[in-house]
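Let's have the full structure, built from the sequences with the hints guiding it.
Residue numbers (our numbering): 7 to 221.
Source of the hints: derived by calculation from the structure; they are not laboratory data. Watch out, some of these pointers could steer you wrong.
Computed cross-link-like contacts, DSBU-like style, restricted to lysine-lysine with a CA-CA straight-line distance of at most 30 Å [claimed, not checked]:
1) K83 / K147
2) K105 / K83
3) K191 / K119
4) K85 / K206
5) K105 / K119
6) K77 / K183
7) K85 / K183
8) K85 / K105
9) K150 / K191
10) K77 / K113
11) K150 / K113
12) K113 / K183
13) K119 / K83
14) K150 / K83
15) K191 / K206
16) K147 / K206
17) K105 / K150
Here are the computed distance ranges between Cβ atoms for each label pair [to be verified]:
18) I27 / N61: 42 to 52 Å
19) K83 / I29: 56 to 66 Å
20) L220 / E197: 16 to 26 Å
Just so you know, these numbers come straight off a predicted model, no measurement behind them. Glycine is no exception: its CB is placed at the ideal position from the N, C-alpha and C atoms.
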Amino acid sequence: MKNKKIHWIFFICAILIILIIAIYIFLNFFQKNTAKNFKMGNNKSSQEIVNQILNISSYELVAEVEVNSNKNSSIYKIKQCYIDENNNSQEILEPSNIKGVTIIREKGTLTLKNTNLNLVKVFEDYDVITNNALDLSVFLKEYKGENKNQVQSTQIDEDSNYIILTVILDNSNTYIKEKNLYINKTSGLIERMEMLSANKTERVNIIYNEVEILN
Numbered sequence: 007m008k009n010k011k012i013h014w015i016f017f018i019c020a021i022l023i024i025l026i027i028a029i030y031i032f033l034n035f036f037q038k039n040t041a042k043n044f045k046m047g048n049n050k051s052s053q054e055i056v057n058q059i060l061n062i063s064s065y066e067l068v069a070e071v072e073v074n075s076n077k078n079s080s081i082y083k084i085k086q087c088y089i090d091e092n093n094n095s096q097e098i099l100e101p102s103n104i105k106g107v108t109i110i111r112e113k114g115t116l117t118l119k120n121t122n123l124n125l126v127k128v129f130e131d132y133d134v135i136t137n138n139a140l141d142l143s144v145f146l147k148e149y150k151g152e153n154k155n156q157v158q159s160t161q162i163d164e165d166s167n168y169i170i171l172t173v174i175l176d177n178s179n180t181y182i183k184e185k186n187l188y189i190n191k192t193s194g195l196i197e198r199m200e201m202l203s204a205n206k207t208e209r210v211n212i213i214y215n216e217v218e219i220l221n
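This is the structure in structure tokens:
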């Protein structure tokens with residue numbers, strides 16, 4: 007009777023050991039598989055993020071624009087609303103001396119609102135901030151190759167934090183020759199765009215504080 011009890015205890019212990027080993031093997035396999043799938047998911051999600059950005063067709067955004075050159079540095083704050091190329095607007099929020107100036111493009115007509123300055127004066131004195139080459143929509147079209155006669159090359163790079171889309175322009179405008187769009191890999195949001203002159207001495211940095219995709 008005593009031997010029978012001992013055998014029964016050994017049997018239960020053996021079953022428990024086998025069960026523990028089986029659970030360990032399963033958990034180890036599951037952990038490796040999860041890590042592998044997570045890595046694959048990250049790689050796939052980077053491409054998905056790029057595709058989502060490139061598919062933006064309408065948006066509203068608030069951004070800070072910093073213009074640096076050999077001569078001076080200027081900072082602007084702008085609000086853009088882009089429905090399509092025939093229906094979009096840009097309002098200047100800062101600095102105070104041109105606050106409220108709004109440029110409206112509608113059905114091929116350019117309108118200037120909320121200013122005592124005439125259109126020519128604004129474009130002469132604030133040519134950088136009124137240049138639609140700074141628009142996110144223009145960059146997206148350039149990257150997708152819709153302006154083939156203006157684009158020399160495009161490329162995509164990644165670092166630990168960002169997906170970087172680059173456009174090299176093939177035009178006579180030496181002021182803006184290269185554009186780099188930085189997309190946060192974790193959030194999938196556009197954070198900033200950098201524009202460089204041909205000799206890289208002039209630089210425009212656009213920091214996107216708010217971006218709302220409408221499409």
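Structure-based check of all given hints:
Between K83 and K147 the CA atoms are separated by roughly 23 Å; this keeps the pair inside 30 Å, and the hint holds. At roughly 9 Å between alpha-carbon atoms, K105 and K83 fall within 30 Å of each other, so this suggested pair holds. For a cut-off of 30 Å, the pair hint linking K191 to K119 is broken: about 38 Å separates their Cα positions. Proposed proximity of K85 and K206 is supported: the alpha carbons are some 27 Å apart, at most 30 Å.
Restraint check for K105 and K119: satisfied, since their Cα atoms lie roughly 11 Å apart, inside the 30 Å limit. A threshold of 30 Å between alpha carbons decides the hint, and for K77 with K183 the separation of about 19 Å falls inside it, so the pair holds. Among the hinted pairs, K85 with K183 is consistent with the structure: their alpha-carbon atoms are about 24 Å apart, no more than 30 Å. Our distance criterion of 30 Å between C-alpha atoms is met by K85 and K105, whose separation comes to about 11 Å.
Restraint check: the Cα-Cα separation between K150 and K191 comes to about 20 Å, which is no more than 30 Å; the hinted pair holds. For the proposed pair K77 and K113, the alpha carbon gap of about 37 Å is over 30 Å, so the pair is violated. For the proposed pair K150 and K113, the alpha carbon gap of about 24 Å is at most 30 Å, so the pair holds. At roughly 29 Å between alpha-carbon atoms, K113 and K183 fall within 30 Å of each other, so this suggested pair holds.
Between K119 and K83 the CA atoms are separated by roughly 17 Å; this keeps the pair inside 30 Å, and the hint holds. Among the hinted pairs, K150 with K83 is consistent with the structure: their alpha-carbon atoms are about 27 Å apart, no more than 30 Å. Restraint check for K191 and K206: satisfied, since their Cα atoms lie roughly 26 Å apart, inside the 30 Å limit. Using a Cα cut-off of 30 Å, the hinted pair K147 and K206 holds, with the two alpha carbons roughly 23 Å apart.
The hinted pair formed by K105 and K150 fails the criterion: a straight-line CA distance of about 33 Å is larger than 30 Å. Checked against the hint of 42 to 52 Å, the C-beta distance between I27 and N61 comes to roughly 50 Å, which is consistent with it. Between K83 and I29 the Cβ separation comes to about 58 Å, which falls inside the hinted range of 56 to 66 Å. Separation of L220 from E197 is about 19 Å and conforms to the stated range, judged on CB atoms against 16 to 26 Å.
Checked against the numbered hints given earlier, this structure breaks hints 3, 10, 17; the rest are met.
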